[in-house]
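There are 2 protein chains.
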Amino acid sequence: MTPSRQLHLGAFMRPVSLHTGAWRYPGAFPDANFNINYLKRFAQTLERACFDAFFMADHLAVLNMPVGALKRSHTVTSFEPLTLLSALSSVTERIGLIATASTTFEEPWHVARRFASLDHLSGGRAGWNLVTTSNPDAALNFGLDEHVAHAVRYERAREFFDVVTGLWDSWADDAFVRDVESGTFVDPERMHVLGFEGEHLSVRGPLNIARPIQGWPVVVQAGSSEPGRQIAAETADAVFAAPPSLAEGKRFYADVKARAERAGRNPEHLKILPGAFVVVGDTVDEAREKRALLDTFVHYDSGIASLSIALGHDVSTYDPDGPLPDIPESNASKSARQRVVDWARTEQLTIRQLAQRIGGYSGLEIIGTPTTIADQMEQWLTERGSDGFNVMFPYLPGGLDDFADKVVPELQRRGIFRRAYEGTTLRDHLGLPRPENRFFASSRS
Amino acid sequence: MTPSRQLHLGAFMRPVSLHTGAWRYPGAFPDANFNINYLKRFAQTLERACFDAFFMADHLAVLNMPVGALKRSHTVTSFEPLTLLSALSSVTERIGLIATASTTFEEPWHVARRFASLDHLSGGRAGWNLVTTSNPDAALNFGLDEHVAHAVRYERAREFFDVVTGLWDSWADDAFVRDVESGTFVDPERMHVLGFEGEHLSVRGPLNIARPIQGWPVVVQAGSSEPGRQIAAETADAVFAAPPSLAEGKRFYADVKARAERAGRNPEHLKILPGAFVVVGDTVDEAREKRALLDTFVHYDSGIASLSIALGHDVSTYDPDGPLPDIPESNASKSARQRVVDWARTEQLTIRQLAQRIGGYSGLEIIGTPTTIADQMEQWLTERGSDGFNVMFPYLPGGLDDFADKVVPELQRRGIFRRAYEGTTLRDHLGLPRPENRFFASSRS
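Same order as they appear, the protein sequences are chains B and W.
If you want my numbering, it's the 1-based position in the first sequence plus 243.
If you want my numbering, it's the 1-based position in the second sequence plus 243.
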């Protein structure tokens with residue numbers, strides 16, 4: 244009997260949760276941004292639940308929101324991802340560790356080196372979330388007057404990927420001889436000097452670290468925009484863009500897998516793992532109530548700004564406790580705008596409630612009981628809307644514990660999620676092959 | 244009774260030791276560059292011995308030596324310092340963690356953020372070894388055709404220090420209010436936007452991490468060259484340049500402390516901790532034999548290149564097993580050259596032995612029994628040649644264990660080294676005050 248397709252689960256983390264009201268939820272740890280002990284607990288719980296990876300989201304600027312929203316926000320300040328995940332590597336054994344790093348504001352030599360180092364520190368568990376950084380305020384922290392243009396960011400990102408992977412291949416897997424008798428530590432014939440000269444980058448190499456345990460750490464991308472989808476199809480091991488419905492998810496899945504195939508890749512080696520906000524209740528109503536309670540902790544100042552942006556229209560002048568009036572057409576994304584309007588109409592939300600929902604979290608959500616959540620996840624998997632999910636927990640630790648203790652056992656019972664890790668590396672967990680060294684035939688294959 | 248002046252001890256580490264022959268020494272771990280378990284053991288042993296800090300040296304290029312030396316070298320490839328020390332932060336409680344980062348090839352925003360993050364992860368134990376990177380091969384890994392001029396490197400370093408410390412002060416210590424009731428997470432009035440515009444750097448800020456636990460992580464510098472001494476006197480918390488004798492050490496100590504005083508600082512708040520290569524034996528002869536045995540593991544190819552550089556004259560054409568002939572004057576540093584010639588004469592070394600010594604390690608050394616080593620360290624301390632040392636172990640784990648098990652108890656018996664940590668942060672260990680936030684009066688003072 245062929246085993247069922249298996250679900251892959253990442254945990255898309257910020258120390259207090261990605262939901263902007265989460266720090267006020269009963270039982271939350273408002274100080275988790277700078278308390279490593281909570282993060283250790285979260286990572287260890289996720290590892291007990293056999294998650295593929297702990298995925299740390301990131302930002303490179305503080306001043307990208309109005310001061311009224313900034314003062315309410317727990318999401319702009321916290322540990323830096325690579326140092327955090329290195330610390331977590333010492334208190335975990337198997338779970339993958341994915342950190343965000345920007346191709347626009349970092350040097351490829353440092354990025355290649357640090358992820359290789361995390362891979363060696365963790366026994367092959369490193370992953371790199373390759374981002375081009377869309378936040379224009381970030382540029383001002385790196386000596387630039389204005390943000391790098393979108394197209395230039397993606398050109399540089401493509402070169403950056405080639406440089407980083409080329410640097411990871413600086414040494415053959417068997418380059419380090421360490422022959423004590425003869426005194427030969429490394430075979431220079433098994434070292435490759437990259438000598439990359441591109442439009443945007445010039446890097447000699449070799450890297451001063453052995454080839455990563457995984458060959459290359461796992462490369463993760465959002466893959467949302469048109470150039471984002473294309474670079475992901477060509478280069479990513481996993482994609483986490485989150486279409487807001489299964490129908491749209493299936494279109495996205497088919498599109499990105501087809502692009503990968505056209506790029507000459509095996510589409511099975513590119514995993515589609517959309518970010519999903521999951522709220523667990525003992526009943527569906529209880530789950531909805533938890534979400535509604537959580538949204539009440541989003542301050543109106545934060546929410547109304549987000550709502551106005553989503554609608555492309557300033558709605559701060561209307562009665563917060565009245566219904567959403569008809570809103571004129573605007574430049575805002577039509578589908579996103581319509582989704583907000585639909586919410587307001589079908590759930591009969593006031594402007595305040597709508598603002599709090601949008602200000603809290605407004606992407607793909609799965610809200611229900613362990614059974615209904617498993618149903619939905621299984622449907623996405625079976626109908627090829629995804630190969631799994633990057634789960635966002637509504638609040639911590641409760642939302643994470645609920646998922647680990649209630650949803651994971653249900654997924655395991657259905658035979659679509661592991662009961663124990665079978666391999667040791669993140670590539671093993673995701674079912675991805677170890678890349679060949681492009682400069683040296685592998686002695687391991 | 245006034246307690247004696249106290250010795251401070253850092254461990255100046257490379258995973259296999261800084262001595263280039265160490266990987267071949269009996270009992271060594273030749274694979275320690277990529278085996279975190281050894282590093283954890285070393286850090287834990289140093290912590291049991293109450294060392295102030297674990298200090299990870301670093302390089303940013305591989306190709307800075309002839310291929311004949313490169314193939315013998317265990318020192319060019321290993322873990323990246325910040326990821327390594329973050330991993331070690333999880334398996335230690337008190338020891339300081341000092342990582343090297345370059346002001347020439349890094350962005351100040353990233354450096355400020357990562358060291359702040361390590362400081363939060365470790366409970367206030369981070370230190371930054373500020374280097375300008377003198378290795379010209381490094382420039383080629385960062386998109387530059389040629390190396391940045393010495394003077395420009397130091398100008399940029401000075402700005403870089405101002406930016407990094409300014410970013411560390413982005414938030415008042417009490418900025419994070421986290422008032423669940425009102426929904427105020429952070430007080431924007433207690434946030435400072437740096438807005439730095441210098442000759443070399445332009446950085447807006449604020450940093451997206453709370454002020455470090457130590458206020459500022461400890462800043463360490465070599466302080467060797469003339470501009471290096473001056474910037475260290477103005478900005479460093481500790482200096483590790485190693486004059487090769489006590490007489491020279493005293494001159495260096497007096498000079499740097501006087502410069503600090505002229506810069507308006509309390510000279511007690513700048514610790515002079517020269518790097519010292521320490522070999523422990525049960526007798527002085529046994530210690531010398533260990534050193535001699537260790538030198539035999541330096542390959543002649545590596546050693547002869549180093550010796551020729553030190554003498555400013557190619558000596559590879561002479562009989563390796565004959566004595567050093569008279570060498571013509573050259574551009575090499577006269578004092579360094581004379582020191583090599585003196586070694587050859589007084590110890591009657593052949594060219595091979597001399598090459599192996601220079602190729603292995605040629606700086607300040609303290610070789611003897613626990614008693615004679617403690618005598619020398621106490622003399623440096625008492626006569627103000629230093630405030631302690633950054634100890635280099637000749638080989639690992641043996642050389643480290645010998646120091647921890649034999650020399651440290653002797654220093655403790657004399658009352659010049661702690662028997663237990665009294666504080667929790669690296670600043671506590673070094674007797675350094677927590678810097679005031681330059682933009683906000685502290686609520687803690």
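The hints are simulated quantities; they were obtained by calculation from the structure and are not laboratory data.
Cβ atoms here follow ideal geometry from the backbone N, Cα and C, with glycine treated the same way.
Do not rely on the hints blindly, as some may be mistaken.
If you want the footprint, here are the derived chain W segments under chain B, 3+ residues with CB under 8 Å [as the list claims (entries may be wrong)]: (1) 343-355; (2) 398-407; (3) 446-455.
Label-pair restraints from in silico Cβ distances [to be verified]: (4) 557/W with 380/B: 38 to 44 Å; (5) 663/B with 467/W: 50 to 56 Å; (6) 425/B with 614/W: 53 to 59 Å; (7) 283/W with 578/B: 40 to 46 Å; (8) 648/B with 536/W: 55 to 61 Å.
To list a few chain B residues with every Cβ distance to chain W over 12 Å, as calculated [unchecked claim]: (9) 314; (10) 327; (11) 358; (12) 387; (13) 421; (14) 447; (15) 529; (16) 552; (17) 581.
Query raised in the report: Which numbered hints does this structure break?
Result: 2, 4, 6, 7, 9, 10, 11, 12, 13, 14
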